[in-house]
Amino acid sequence: MKIAIIAGEASGDQLGGWLMEAPQTPRHAAPLTFIGIGGPRMQEQGLASLFPMSDISLIGITEVLPHAVTIYKRIYQTLEFIERERPDVLVTIDVPGFVLRVLQRLRKRGKARPRIIHYVAPTVWAL
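Residue numbers are given in the numbering used here: position 14 of the sequence shown equals residue 15, and the series is strictly consecutive.
A portion of the hints provided could be inaccurate.
[Unchecked claim] Here are the computed distance ranges between Cβ atoms for each label pair:
1) 120 to 85: 18 to 28 Å
2) 74 to 2: 20 to 30 Å
3) 121 to 55: 16 to 26 Å
[Stated by the list, open to error] No more than 30 Å apart at the CA atoms, straight line, and that leaves these computed lysine-lysine pairs for DSSO-like:
4) 74 to 109
5) 3 to 112
6) 109 to 3
7) 112 to 74
8) 74 to 3
Derived by calculation from the structure, the hints in this document are not laboratory data. Beta carbons are placed, not taken as given, at the ideal position from N, Cα and C, and that holds for glycine.
Could you put together the complete structure from these sequences and hints?
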């Protein structure tokens with residue numbers, strides 16, 4: 002099973018690392034492959050991040066605007082990556098602004114339809 006994960010903040014990277022570590026116990030017979038975007042914790046678990054997580058871990062309009070072109074490129078790079086790799090599941094952790102744009106375009110293009118799991122978005126625990 003191929004699982005794509007997208008994390009964009011340090012807390013999401015930690016949660017993603019724990020998530021990747023959990024199924025590696027012997028009781029899980031099916032091999033799992035993790036792909037996607039993450040930081041050092043997820044990379045410790047074997048993830049080769051598509052690009053540096055810091056490219057999408059921007060908060061607020063004052064941080065986002067100067068990096069708008071990079072973010073736009075990263076959205077399409079992620080979209081094309083998911084379409085090419087065709088994961089069975091896509092797990093999103095935080096960065097809802099980035100992820101929702103990727104998902105919107107993914108649905109519109111219709112080339113890949115992984116099952117989607119939103120795993121702890123900041124808007125849920127921040128309220």
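Numbered hints the structure breaks, given as an ascending list: none
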